[in-house]
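A.B. asks: Sequence:
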Amino acid sequence: MKVLSVSTATNHLSVALNEDQTILVEKGEPDRHNHSEHLDPLINQILTDQQLKLSEIDRFAVAIGPGSYTGLRIGVTTVKLFASILGKEVVGISTLAALAASCPDEDTLIVTGIDARNDNYFAGAYVNGKGQPSRVIADGHYHITTLLEAIGRYVNTERIKQVIFIGSGFKKQEGQIKQLGLPFRYGSDDQNLIHAGLIGKLALTAQPVDPDRLLPQYLRRTQAEVDWHHKTGQPYGPDKDYVEEV
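Residue numbers (this note's numbering): 1017 to 1262.
In case anyone wonders, no lab produced these hints; they're calculated from the structure.
Computed from a predicted structure; not experimentally measured.
There could be a bad hint or two in this list.
[Said to hold, decoys possible] Listed next, the in silico SDA-like pairs over lysine to any residue satisfying Cα-Cα at most 25 Å (straight line):
id, residue 1, residue 2
1, K1177, L1164
2, K1188, I1176
3, K1194, T1173
Put together the whole structure using the sequences plus the hints.
C.D. replies: This is the structure we're talking about:
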């Protein structure tokens, strides 16, 4: 199965082509904030280099969040469009699960997160099982204290030898992390990036969805939604009200 995968969740743009479990090619552009200009050319470059047409892709995959609100919409809308026009399968993969897939270690709690500022994180925790990460602490928006409490409860009931923190912003919490009383380490610079090739591997066992039902998973309301709610007094609408339909 040929899988074309995309991550626009952070400022690191990543696109990959997989053949089953093999990552044929992965290209990334770090520190990009205008993914809408660079995503399509990067996809075209990969297809050209591999002498493939977009119609020859069997499944599209995309990081659906958490992450940058604007970035997620760009990636999700792009693969929705491809899948709808070509009649292909499409899957959404948690950004945090993609980060966890970079760590093959067993007996390790893999905590993945994206710095959401003010000691808050979009985060979750995973352990490896059956060849891929399995979620044991739900993806969510956590204050660091709440996240570490959840980690502490889990490691007290399971055979965990160490904890690895992968993603952004964890090193500044080292004082609190040490209070867990467990060996821990941080992800490498490469692990802390979201790799589309790993998204492609996770996509092989993910359940395809109708392209119209593929939505970003922000895990927190945008500031524009919050302001609108306070101004109008109207209830929040479903996520599809804020995502371009294709």
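A.B. asks: What's the verdict on K1188 and I1176, does the C-alpha distance respect the 25 Å limit or exceed it?
C.D. replies: Judged against 25 Å, a Cα distance of about 23 Å means the pair holds.
A.B. asks: Below or equal to 25 Å on CA atoms is what counts here, so check K1177 against L1164.
C.D. replies: 16 Å, holds
A.B. asks: With the threshold set at 25 Å, check whether the alpha-carbon distance from K1194 to T1173 stays at or below it.
C.D. replies: 19 Å, holds
Taken one by one, the earlier hints all hold for this structure without exception.
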